[in-house]
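Participant: The listed protein sequences correspond, in order, to chains A and B. In terms of this note's numbering, the first sequence is residues 1 to 206. In terms of this note's numbering, the second sequence is residues 1 to 206.
Check before you lean on any hint, since a few could be wrong.
As the list makes no split between identical chains, a pair holds if one copy fits it or if it spans any two.
As the list claims (entries may be wrong) - Keeping only pairs whose Cα atoms sit at most 25 Å apart, straight-line, the calculated SDA-like set for lysine to any residue is:
#1 K197 to N102
#2 K197 to L175
#3 K198 to E29
#4 K198 to Q178
These are computed hints drawn from the structure, not numbers from a lab.
2 protein chains.
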Amino acid sequence: MKKYDGFCLWFTGLPCCGKSTIADAVAEELSQRGLNVERLDGDIVRQSLTKDLGFSKEDRDKNIERVTFVAKLLSRNNVATLVSFVSPYIQKRQEAREQCHNFIETFVKCPVEVCEQRDVKGMYKKAKAGEIKDFTGVNDPYEDPPNPELVLETDTETVKESAHKVLTYLEGRDLIPQKVEMSEDEVYTPEEEEIVKKRLADLGYL
Amino acid sequence: MKKYDGFCLWFTGLPCCGKSTIADAVAEELSQRGLNVERLDGDIVRQSLTKDLGFSKEDRDKNIERVTFVAKLLSRNNVATLVSFVSPYIQKRQEAREQCHNFIETFVKCPVEVCEQRDVKGMYKKAKAGEIKDFTGVNDPYEDPPNPELVLETDTETVKESAHKVLTYLEGRDLIPQKVEMSEDEVYTPEEEEIVKKRLADLGYL
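Work the whole structure out from these sequences, hints included.
Facilitator: Okay, here's the thing in structure tokens:
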């Protein structure tokens with residue numbers, strides 16, 4: 001397979017807007033297309049990389065800084081890197097953009113009321129009751145991306161539709177392979193196959 | 001080029017034993033052979049990933065935990081990952097071994113007296129004078145690796161010799177390409193070249 005360039009697909013948006021669900025769907029498809037894929041989200045990094053951090057502005061910033069460092073290293077080494085964090089502040093997303101290779105800001109846009117309805121853990125409710133401090137969308141601001149590469153409107157799109165948008169964008173930039181099938185006229189004679197095999201071996205592909 | 005498996009080459013040893021110098025030399029050669037290469041060492045990660053940490057045992061452990069997380073992600077994505085830290089404790093190196101793909105513990109072995117002579121920053125002197133606490137080799141222990149994949153004896157080997165040992169080991173495990181030259185009998189006729197080119201394009205290599 002052609003060696004595809006790495007990238008950092010950065011999903012940002014309110015809690016429960018659908019970031020992780022879409023990122024997981026896209027990651028699954030990219031793995032099937034043979035790419036090296038990594039997912040970075042809160043559930044993953046807060047167990048190890050950022051387990052000392054809470055949710056104050058300062059700690060959120062540190063969290064994003066460390067994730068950015070990792071995404072930088074992965075994206076410049078041909079890894080399809082899918083990052084999903086609320087990442088509410090423009091400044092920190094801008095820093096991620098400057099550091100990561102092929103940074104693609106993906107704004108997962110959804111009205112806060114819809115996010116709240118989807119919130120099975122009841123976090124919005126707790127935040128409104130004052131039980132959670134610094135909760136984005138309730139008592140901490142979310143700064144909309146002024147110029148994102150992609151906007152996914154998850155109140156009107158299905159997960160499949162949003163994932164398709166992302167995949168089409170990545171295909172358009174030639175960052176991922178298309179889904180292809182072998183056609184009839186790509187069949188070789190045995191002699192041709194031998195030559196091809198030998199050359200592939202010489203080049204180190206086999 | 002064949003897609004080589006990633007690995008984590010973990011250099012451990014006393015301060016000023018030569019870890020970073022050898023790791024840099026190996027990294028340079030691996031880049032020239034066309035691999036994706038990353039270097040993780042104190043100078044790099046303490047600026048970003050672990051800038052909140054000092055040198056107490058607890059902080060050193062956290063430092064190694066975060067580096068391990070990054071090395072895990074890189075090594076499982078076909079990146080040649082070269083890590084150089086004093087990393088004095090067996091337990092933390094063991095955890096890194098369990099998490100990283102193709103973990104290769106490389107003990108950079110050198111008598112403490114020789115390390116001290118090489119110490120241009122005078123850290124050993126300061127540690128002996130009590131100005132630096134928890135300095136490995138002076139007032140904090142270094143636990144020798146009981147069973148490292150590689151031992152480099154930098155008091156008797158040159159940097160080139162040590163680097164050569166590492167490269168030979170990696171070649172032996174087929175983790176890196178050999179240095180190869182194109183020989184005369186690998187020249188193709190124009191017709192053969194056409195077939196090869198078309199097939200390479202079909203396969204997505206071109």
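Participant: Does each hint fit the structure? Answer for all of them.
Facilitator: Hints versus structure:
{"no.": "1", "hint": "K197 to N102", "verdict": "neither (34 Å within a copy, 29 Å between copies)"}
{"no.": "2", "hint": "K197 to L175", "verdict": "between (27 Å within a copy, 22 Å between copies)"}
{"no.": "3", "hint": "K198 to E29", "verdict": "neither (32 Å within a copy, 27 Å between copies)"}
{"no.": "4", "hint": "K198 to Q178", "verdict": "between (27 Å within a copy, 18 Å between copies)"}
Hint compliance for this structure: hints 1 and 3 are broken, all remaining hints hold.
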